[in-house]
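A.B. asks: In terms of this note's numbering, the sequence shown opens at residue 139 and continues consecutively.
A few of these clues could be false.
[Unchecked claim] Simulated restraints, written as ranges between beta carbons of each label pair:
(1) E214 with F319: 21 to 29 Å
(2) L383 with A222: 36 to 44 Å
(3) P218 with W385: 40 to 48 Å
(4) M456 with Q368: 17 to 25 Å
(5) D318 with E490: 36 to 44 Å
(6) S270 with G314: 20 to 28 Å
(7) L364 with M384: 33 to 41 Å
(8) E491 with E233: 30 to 38 Å
(9) W385 with I224: 41 to 49 Å
(10) F268 with P237: 12 to 20 Å
(11) V453 with A372: 33 to 41 Å
(12) P237 with P349: 26 to 34 Å
(13) F319 with S270: 26 to 34 Å
(14) V453 with P209: 27 to 35 Å
Honestly, the hints are just simulated from the structure, not real lab data. Cβ atoms here follow ideal geometry from the backbone N, Cα and C, with glycine treated the same way.
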Amino acid sequence: MRRITLRLILSAISICICCILLIFIISNFGNDTHQTESKPVKCDCSSTQNSFPQTIPSVSNITPNKPILKPCEPIEKTSPVQRAIIIYYPHHQSEYFFPEVRWLYRSWVEMLLGEPSTWRTDFVIFTYNFSSEFRKLGCVNRLRQNKEEPSMYVFIYRHFATYIPSNCTFITGGGGYGTDFNRRKLRRIAHDMGFAHINISGMGSTWYGSPYDGYLVANQTLHGMLWLAQYEFAMPERESKLGTLMWPEWHYGVLLLYGQHLALNHLVGINQIRILIGHNLLDQSTTDNTVQYITQGTRLNLHCWHTDLPFSKFVFKMGKYNQTDLEKYKNDKTAQAYAMRMALESKQMTLEELAAYGRNKSLSS
Numbered sequence: 139m140r141r142i143t144l145r146l147i148l149s150a151i152s153i154c155i156c157c158i159l160l161i162f163i164i165s166n167f168g169n170d171t172h173q174t175e176s177k178p179v180k181c182d183c184s185s186t187q188n189s190f191p192q193t194i195p196s197v198s199n200i201t202p203n204k205p206i207l208k209p210c211e212p213i214e215k216t217s218p219v220q221r222a223i224i225i226y227y228p229h230h231q232s233e234y235f236f237p238e239v240r241w242l243y244r245s246w247v248e249m250l251l252g253e254p255s256t257w258r259t260d261f262v263i264f265t266y267n268f269s270s271e272f273r274k275l276g277c278v279n280r281l282r283q284n285k286e287e288p289s290m291y292v293f294i295y296r297h298f299a300t301y302i303p304s305n306c307t308f309i310t311g312g313g314g315y316g317t318d319f320n321r322r323k324l325r326r327i328a329h330d331m332g333f334a335h336i337n338i339s340g341m342g343s344t345w346y347g348s349p350y351d352g353y354l355v356a357n358q359t360l361h362g363m364l365w366l367a368q369y370e371f372a373m374p375e376r377e378s379k380l381g382t383l384m385w386p387e388w389h390y391g392v393l394l395l396y397g398q399h400l401a402l403n404h405l406v407g408i409n410q411i412r413i414l415i416g417h418n419l420l421d422q423s424t425t426d427n428t429v430q431y432i433t434q435g436t437r438l439n440l441h442c443w444h445t446d447l448p449f450s451k452f453v454f455k456m457g458k459y460n461q462t463d464l465e466k467y468k469n470d471k472t473a474q475a476y477a478m479r480m481a482l483e484s485k486q487m488t489l490e491e492l493a494a495y496g497r498n499k500s501l502s503s
């Protein structure tokens, strides 16, 4: 048997240490022997500075002072303009809401009479059921193939015919949902979501602005609504079992307005859009019977608020205006008379007559 000496043990340990060091050197530096610094590649790609902007994430590190708003190019009234009135129609409540579609259609046709010849305003209805009523109105259930096709078929007032928001501003109507309690609550929720909040309130659900601004606001509004529904309302509230018990402090029925509140505060706070709450522009009252009211501002649309005063959508739907003499409203220039005439004329015509009236007026305009 071979004798193991101290010298042999030390030699073995030295060999092991050398092997370990060799493995370490190979594993950490071996890959660099073939690596060279890559040469910069020149790109002949066209600049993307003016390309369509990407969606801004909900949680943003953009500071409010960073100038990221798109340059505003003013639109002349002589320039070609394509725009649309877009509504959501709940088909499962057609008996209640279809009269409103009729009078909106009638007022849209009235507005077309004063529209510049180079402008075009479509009436677009988002719904899940292309019913026979819409077919009779002449609506089509497909995208327009070219801009020369006929137009697709609130009260739209005459002033809308020639009005474009100045300075590329996104305009909202006024909303009556705000209290000290829910303003504080929404500010806290914005912080939880990672949203900016600059303490603006009182925005309504009628919007007027560019398609891109509308997309931004709608996208973030839906995000806000989903967050609120999931985290800030209990199941009995979501199922409407509380009715209006919590109104006006916190009410599930105005989820859209709360979601929009979060969206607009955030988008303005990160300098994505310019907004204006159009108190004298959008969602004007249908009950005012003075000529001064309709001439004081540029009234773009009239809103049927919760009232029994004429014009009232509740009284209209109960049939209590059926015996009204339309002649008395023919030359009346008030908001009340305009709403009454549009609603009653739309009710007295069949859908086919209303569609033909719209076609004839749009062609003559």
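A.B. asks: Now look at each hint and say whether the structure bears it out.
C.D. replies: Checked hints:
1. For the pair E214 and F319, the supplied restraint of 21 to 29 Å is violated, since their beta-carbon distance comes to about 46 Å.
2. At about 38 Å, the beta-carbon gap between L383 and A222 stays in the expected band of 36 to 44 Å.
3. Take P218 and W385: their Cβ atoms lie about 45 Å apart, and the range 40 to 48 Å holds.
4. Our hint of 17 to 25 Å for M456 and Q368 is violated, since their Cβ atoms are close to 38 Å apart.
5. For the pair D318 and E490, the beta carbons lie near 52 Å from each other, so the given range of 36 to 44 Å is not met.
6. Our hint of 20 to 28 Å for S270 and G314 is violated, since their Cβ atoms are close to 36 Å apart.
7. As the Cβ distance of L364 to M384 is approximately 20 Å, the hint placing it in 33 to 41 Å is violated.
8. For the pair E491 and E233, the supplied restraint of 30 to 38 Å is violated, since their beta-carbon distance comes to about 21 Å.
9. Between W385 and I224 the beta carbons are some 28 Å apart, a value that contradicts the proposed interval 41 to 49 Å.
10. The supplied range of 12 to 20 Å is met by F268 and P237, whose beta-carbon atoms lie about 19 Å from each other.
11. Our hint of 33 to 41 Å for V453 and A372 holds, since their Cβ atoms are close to 35 Å apart.
12. Distance hint for P237 and P349: a CB-CB separation of about 29 Å, consistent with the stated range 26 to 34 Å.
13. Between F319 and S270, the C-beta spacing of about 46 Å breaks the proposed range 26 to 34 Å.
14. Under the hint 27 to 35 Å, the C-beta atoms of V453 and P209, about 48 Å apart, miss the expected range.
In terms of the numbered hints stated before, the structure departs from hints 1, 4, 5, 6, 7, 8, 9, 13 and 14, listed from lowest to highest.
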